[in-house]
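Student: Full structure from sequences and hints, please.
Protein chains: 2
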Amino acid sequence: MLRPWKTILAIDFNHQLSVYQQIADGIVAEIKKGRLKPGSPLPGSRILAEDIGVNRKTVVLAYEGLIAEGWLESADKRGTFVAAELPTLKKAASRTHSSFEFNETEIAPIPAKTNSGFIVFNDGLPDVRLAPLDELARAYKRIFQQKARWRMLGYGHEQGEERLRTALTGMLSSRRGMNTGEADICITRGSQMALFLTAQTLIRPGDSVAMECPGYLPAWQTFVHAGAYMINIGVDDKGLMVEELEQVCRTKKLKAVYVTPHHQFPTTVSMKMERRLKLMELSARYGFAVIEDDYDHEFHFDAKSLLPLASDERAANVIYISSLSKLVAPAVRIGYVTGPPAFIASLARLRALVDRQGDPIMEQAIAELMEQGAINRHAKRAARFYRERREAMSEYLHTHLDKKISFKKPEGGLAYWVKINRDINTEELAAKLLKKGVSIIPTERFSFNGKPLNALRLGYASLTPAELEEGIRLLATVLKKS
Amino acid sequence: MLRPWKTILAIDFNHQLSVYQQIADGIVAEIKKGRLKPGSPLPGSRILAEDIGVNRKTVVLAYEGLIAEGWLESADKRGTFVAAELPTLKKAASRTHSSFEFNETEIAPIPAKTNSGFIVFNDGLPDVRLAPLDELARAYKRIFQQKARWRMLGYGHEQGEERLRTALTGMLSSRRGMNTGEADICITRGSQMALFLTAQTLIRPGDSVAMECPGYLPAWQTFVHAGAYMINIGVDDKGLMVEELEQVCRTKKLKAVYVTPHHQFPTTVSMKMERRLKLMELSARYGFAVIEDDYDHEFHFDAKSLLPLASDERAANVIYISSLSKLVAPAVRIGYVTGPPAFIASLARLRALVDRQGDPIMEQAIAELMEQGAINRHAKRAARFYRERREAMSEYLHTHLDKKISFKKPEGGLAYWVKINRDINTEELAAKLLKKGVSIIPTERFSFNGKPLNALRLGYASLTPAELEEGIRLLATVLKKS
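Residue numbers (this note's numbering), protein chains in the order written: chain A, 1 to 482; chain B, 1001 to 1482.
There's no promise every hint is true.
What the hints assert, rightly or not - Partner residues aside, some chain A positions facing chain B, computed with beta carbon under 7 angstroms:
1) 154
2) 155
3) 189
4) 222
5) 379
As the list claims (entries may be wrong) - A few chain B residues facing chain A, derived, Cβ under 7 angstroms:
6) 1077
7) 1102
8) 1105
9) 1118
10) 1480
Just so you know, these hints were derived from the structure itself, not from any lab.
Please read these numbers as outputs of a predicted model, since none were measured by experiment.
The C-beta atom is built at its ideal place from N, Cα and C for all residues, glycine as well.
Tutor: Structure, rendered in structure tokens:
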């Protein structure tokens, strides 16, 4: 019997489904509708191919697939027929009908992309418009041209390219007073992977971890994901409240303490020396790891900048995490972690399980930029912009919000911590501001329990003075109304 | 009292320790030796700086650091002195004295780098000498030049660049009969990260996972790391022994089954259709996930290549993992995973915890190569070389090892599975061969329990016919002797 295959199997060559799939689906549909009965013959592949205007091999592939699935049968010479017994399997047609269970992962809400033209107060990111993109492009070009370029295409070292580790240890030694060997550093995909590997290597479910509160939510969630029991320690204008920490140590075995001493997240406070010494003393006495997240070391504007905890000769328990993402650009995912050799060795083995190794091409390109001093030149240049924007931000906050807020100009870092002199729900504030084309990050999340902080962390570095003034002006108008 | 500071603090400007650190260490050493007594004065920073020939600020930094650490005291106007009470902290001087505990991670032994000139039979890697490096370099160049290049430098999507997801779904649809939407795919750093995220998202400690044995050790270790109880299922010349799997299902609740149906690792066998149907049926009946690792789909040389399990309309429970690393180069870490939308969504949230996002620059460069068809052209070109090497390999195995071994020319994939007609310890064999400049991978590890398999997995694709013959010849001589 002749069938209007051209209409039954109207092939759409632009369809997301392959032609193969369209033919197979069409035939199965015919069978299900009962229009093709068990045992009834199908046209030869050549005839059907010509009929519906496709390549014959595609038809053969479709037939083979359907035979495999049990919809069709081939009786060698005699041709292809609808199977006498159709597949009995209850069909779970679409993947949305999966029947296995899995774990739900909780993460920090990732800020929704805002339309261009929006004024975005991020949590302290660099201005990508200043990124040394041409230098980076040239570095990539040279890496691809180097004689040994084939060698970098095989598998590499799970701790990262030695060339970059050498550049990093040199920088850590000369600029941060840290004595780190190439073997004691593991290059990661941004500081988030350094945090993840550290948490997974340190923590056994039920271990206690203390951290600054308010603090960095992604760190909190990474520890929770590793099974940690979290203990919040307060922060004041001297940084982590170590007396509070000592109280905890007396009653509880801590596995680790997470701190951001250089510029506390979110309050931007620098941890004072006496606090640092006390923290080191407690770590030595009670045997817990100190995880020092030094996420934007380069941008410190006021005179005295303290060296990292990790530079202290008593830093035996310090695991030091830092990154180039804030320096070059967020998308350039190069972070690193240093610590006790045995710890780094175990962390590197875990890293091999997570993603085997890093990106040798990017790592070599970044190493070249560091060797040439291009990274430092960029940091100096960017810092000039950021210093100016920091001044402008302070001025605009005074001009537009003076009575309503209180703040201290941050010694460093790329954000202001602005306290609002009344109770406020920043989730609602953010929603109202979005309508005006301004994006802020609600701060309730920084307390880990939704408790309002009546403050805003306003990243200023990626906005021009003009954008800053407009953003603050709009913030002021919305604050007045609400 | 005048001290020979120039000799006491002999600064080495090429030393890995910063000048700052050298000064501080030198002074502390003097104090410890008792040559600098508590309360004794130090020279003014300017004087010391001139004396030892360094920048004054460096001396100030060193003094400040030592004051912070409690070694020195400053009596404002009167200058700097050795502290009256020296630091009492028991000093854990070096980081090797850390006092916190951490988890040891077990991983697959990573093959030691062999000297160039060695003949390396890897486990089935592409020949990096064929990699489309110039095309890749040009793609990077264009990506850096595009108008919107700044936008890619901010934070990106945790599932990867949409442009690459679109290119991948198109390829999966037209070449693998898979109907996958951009939202149901997560780009990862190579298939290892896809495996890691899948295991972490699927498994709760104690869950049972079945997999092919012999099989792919990194997968086995990734599941074990996630807390899985592993069940080994045998493999024969039709692939996974599904009857054995069914026996297990009757008595045990399985969370997942890991398979490499296209070219089983390590035996290279293609899973036959009836086995595939049975596996799908069991998955639907018993509600376990099927993790399909399709690690080298492109390289299939014999006529009929079956479509992935994931292309089946009943693939509701299939999680599909694949990669471009085998196609472009191992160092190009682009893998991907598709599966039920809700599963991929949870997996993507975990990915944000692991490393936040991928590399937008590389992902766009690879997307461009796919859009231009450069990846397919490369695959075709490489396949021609591999097909020739596959023939050559077969010939050399016959010529040099005929009586000693048995093998089937693999239908596809980049390795041979060669059975040796007697008991043999391949760890020892590998050691002997290394002395002759030939590297092989011991196969005991593929049985997960060290049980000998009396076989070798010999990757042939990254060796020229001449290299293959020399390698096989040396293998034969060593096999004769041992």
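Student: Taking the hints in turn, state whether each one holds.
Tutor: Comparing the hints with the structure gives:
Given hint, residue 154 (chain A) at the interface with chain B, holds; its Cβ is 5 angstroms from that chain's nearest Cβ, closer than 7 angstroms. Residue-level restraint check for residue 155 (chain A) holds (minimum Cβ-Cβ distance to chain B is 5 angstroms; threshold 7 angstroms). The interface hint given for residue 189 (chain A) is met, as the beta carbon of that residue sits about 4 angstroms from the closest beta carbon of chain B, less than 7 angstroms. Annotation: residue 222 (chain A) was flagged as interfacial toward chain B, and the flag holds, the nearest CB pair being 6 angstroms apart, inside 7 angstroms.
At about 16 angstroms, the closest approach between the beta carbon of residue 379 (chain A) and any beta carbon in chain B exceeds 7 angstroms, and the interface hint on this residue is violated. Contact between residue 1077 (chain B) and chain A, as hinted, is not supported at the beta carbon level, the nearest pair being about 19 angstroms apart and thus beyond 7 angstroms. Interface hint status for residue 1102 (chain B): upheld, as the beta-carbon distance to the closest one in chain A is roughly 5 angstroms, under 7 angstroms. Checking residue 1105 (chain B) against chain A by beta carbon gives a least distance of about 4 angstroms; that is within 7 angstroms, so the hint holds.
With its C-beta approaching chain A no nearer than about 12 angstroms, residue 1118 (chain B) sits outside the 7 angstroms limit, and its interface hint is violated. Taken as an interface hint, residue 1480 (chain B) does not check out: its beta carbon lies about 31 angstroms from the nearest beta carbon of chain A, beyond 7 angstroms.
In this structure, the hints that do not hold are numbers 5, 6, 9, 10, in rising order.
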